[in-house]
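Residue numbers (my numbering), protein chains in the order written: chain A, 1 to 867; chain B, 1 to 155.
One should not assume that every hint holds.
Pulled from the structure, derived: some chain A residues nowhere near chain B, Cβ distances all over 10 Å [as the list claims (entries may be wrong)]: (1) Arg371; (2) Tyr456; (3) Ile457; (4) Val619; (5) Arg710.
The calculated label-pair distances, taken between Cβ atoms and stated as ranges, are [claimed, not checked]: (6) B:Gly124 / A:Arg326: 36 to 46 Å; (7) A:Glu302 / B:Leu99: 24 to 34 Å; (8) A:Ile258 / B:Gly80: 27 to 37 Å; (9) A:Val479 / B:Gly124: 34 to 44 Å; (10) B:Gly124 / A:Ile271: 39 to 49 Å.
These aren't lab readings, by the way, just hints derived from the structure by calculation. Beta carbons are placed, not taken as given, at the ideal position from N, Cα and C, and that holds for glycine.
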Amino acid sequence: MEKTMIQSSAPDTSANEAVFGVTGMTCASCVAVIEKTLARMPGVLSANVNLASERLTVTYDPAQIDEPGIVAAVKAAGYEATPLKATQPTPATDAVGPGSAKITLGITGMTCSSCQAVIERSLTKVPGVSEAVVNLAAENATVTFDPVVVSVDVLIGAVIDAGYGAIVLPEAQEEGDESARDLQKEAQARHTRHQRNLFIMSAALAIPAFLVTMVPPFMDVIPVVVATWLASVVGGAWDPHMVEKYLGLILATPVQFIAGAQFYRGFWHAIKRRMGNMDTLIAIGTSAAYFYSVAATFWLIEEPVFYEVAALLITFVILGKLLEARAKGRTGDAIKKLMGLAAKTARVVRGGEEIDVPVEQVVAGDIVVVRPGEKVPVDGVVVEGGSSVDESMLTGESIPVEKHEGDTVIGATINKLGSFKFRTTKVGKDTALAQIIKLVEEAQGSKAPIQRFADYISSYFVPAVVALAVVTFLVWLFVGPTLFPGALDGFTPFVKALLVGTAVLVIACPCALGLATPTAIMVGTGKGAENGVLIKSGEALETTHKTNAIVFDKTGTLTHGKPVVTEYEPFVDTIGRDEFFRLAAALERSSEHPLAEAIVNHAKETGVDLPEVSGFAAVPGHGVEGTVEGRTVVLGNRKLMAREGLDISPWAARIEQLEGEGKTVMLTAVDGVPAGLIAVADTLKENSREAVERLRQMGVEVYMITGDNRRTAEAIAAQADIDPAHVLAEVLPEHKAEEVAKLQARGLSVAMVGDGINDTPALAQADIGIAMGAGTDVAMETGGIVLMKDDLRDVVTAIELSRATIRRIRWNFVWALGYNSLGIPIAALGFLRPELAGAAMALSSVSVVSSSLLLRRFKPSMRKAVA
Amino acid sequence: MRRFGIIATAALVAVLAVGLTTWTLAQARANDYTMVGVVVAEENVALEVEDQLRAEDEITVSRVLAPGESWLVVHLDDDGMPGMRVGLVRIEEGESLDLAVPLDEQVMASNVIVALHADRGQRGVFEFDMDAFMRSPDKPYFVNFEEVVVIVSRE
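Using the sequences and the accompanying hints, generate a full structural model.
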């Protein structure tokens, strides 16, 4: 049993939490001994022992007791404790609201979607549990419960009572702690090892059983040889036909009751909950064949036996599960790949010296040195030096990104040729990589709405199949001999009816159905992460495929979101082009307006020296004025020029032309003479037009939404090749959601793409919100999909991936249901032996998982340029 | 998983090798095995019958050692093979001497075949059908792949 602390309130920051590895425990009593011993220690606020993981978590007041004190107390109780880590208290559960907590349990022993239903029902029946979602592919259960009403012990007990194994994953949700994941991996590996041993044993017995009873000349020779041997060694008289039956019994019995015990256990637990699952069908099917054979061995000795049917059936089912587990393991490759990216050490400057420390010891604010070819260990901001950094592993962008002082660097990316130092900003669970892993894990564990279809079918399938098998049996028993006298294959009607009924029972098992959705979601979300597209849930992945309208926020999404100087032109010859710009830029240096920033940046980039300004003044709604090098300079809009009494009509046509292109035109006058214009614009991202075109080819209506005036908006839309009728201009941020709702009211399934900063309501209103630019917390929290980089081609990738995943899920349903719907009539008509039905059933699960794995071959249609 | 693959392949190869060898050997002697009745060691079974007079309406079996409850069955000689059944007597396990097996009708054939069958199905009911040899419980005894029979010459 497991014991885990539940905290639904904020942790006490004055307390520390320490985790210890404990050895020497054998049972739940040891758990109680350690917990009680520690509970009596002054300063210990709580002590919780997890027997399965052999971990002790202690919350304590550091003023009263320390780690060595805890170790000593455990030792005095007769056990060994080793400190693993000390942190501020970390809740074992995610607090999700008052009186509500969430926990993830690793589950072992599930075989099909019916098991999933059994566990979900068992958990939701526990008082205090508000929701339980079981993921068959990820083999975990996420439970939302009231910690005041129910403890984790009870939740685990409910799963165990239902016939499955459960382990708590205490910190996986919180920190991406690898050891917690290892715990589950270990449990799964143990389970797989056990199944593998059972399979080897089953195969070693079932194959000879099959040869002895079914395959000439083995079935002729072996029983006679054994009978002869028995007659000479043991004495007495031995009928080879009976020896054949005894051999079948001897070979099949261990398979039936050792390898098959798991099916009886599952059957029993399902019966207790008045449910059916794969175990129900296998247990009934193999028992029918086995016990009938026992009767034919000892009482109805003229009747044939079918030991090999039961043994082979169990062998095939276990083999199917093993192959499925192996394939399922590969569906989580993306997460493993992400985890493998994390750096192990960091070179930190401490006390003026550069020292290598484990990455866990890096704290926010440390200065970290990164040399050529090294991995950036954590997130931070460059403070010295510069280099290009390969971020492809996180963003999918193959071109290395230039990093200079002030730029952010992301942990797990690889430095190319230069060296730099950076100040760490995020470490541990806060790094972009840790958040991406958490996000992908959560998505892989979530249930897509399409899964309801499988759940619904599975819930009715087993009882329906048992009923169908009984009807088939009765028909073959009573009507079969009359209707199909030639189809009895030399068997008595009872034997034929038994074989046919068993085959129907086995072929109809809905195992593959339960795997159809989650395996595809796992591969799909993983594939997304590989391409810099973080899909936050199965639901988001599913909804995206329906998208037939997409709304792009203009600023920062279609465009760079940063105005830049596009051109500057002098009005008169007396003041040269460079001269008037130098004077204007000098003036703007004192302004805080975004347009001023664009001008100053341009001056810096082009190496213009900016002189000092005196008498600077901002004229609200008009512009700025001041004195530069003794000359009076004004810079602003038409209104400012009018206010200064300057006639700009000779240049009005040019000004309007630039404004028509979506640019903001600023006018400059020097010493009372119009001197020139500076055009500033927020420019379109390089790939926006390409992405828009591709989306249109995919049948998606593309809209642009902006607060800009219509003329400016249409100018940008024209550059991006967006239909003017699809430009939603002059929309205030707070009204963007309404515009999205209007499109939805037209029956469109709308995806909203924004940066998550001022368009959060619109992202939430849309059927699917796509937030650009991961790394900002806002973006990570907003929308169903997060794009790792500011590249609109990834929107195309997200939709393509979603469509590919849903297509794959539908194919999986075809595979899964195809086996059943084709197999049932074939079996019911007596053309399928039960053991072959078992092989077909095992194959159906394997083919569904393999089908999902085909998604790994997904390639975005808009391939990135190779560096 | 790799180790598992190696073990599984090795097991498969072993099964195939043993299977192929058995199959080859079995094919060579397949006919010897296909119609073998109840197998018994030589020392545990005996059937001795002297040649007899044609006029008799019974066959006298000098000595029989039955490994279990059994049947003494007299067949007409059909070209050296047991033909129509003309006499049947149930005997107990162990040795019996000078047992008389009444013949159903006046048998004029020069040879008859006396066979020893097991009584393994319903006790006291002779359950043997040559056409359903394997499924018949009361099959004849075999020693070293030879049926326990005696061809009796009647003069």
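Hints breached by this structure: Violated hints: 6 and 8; rest satisfied.
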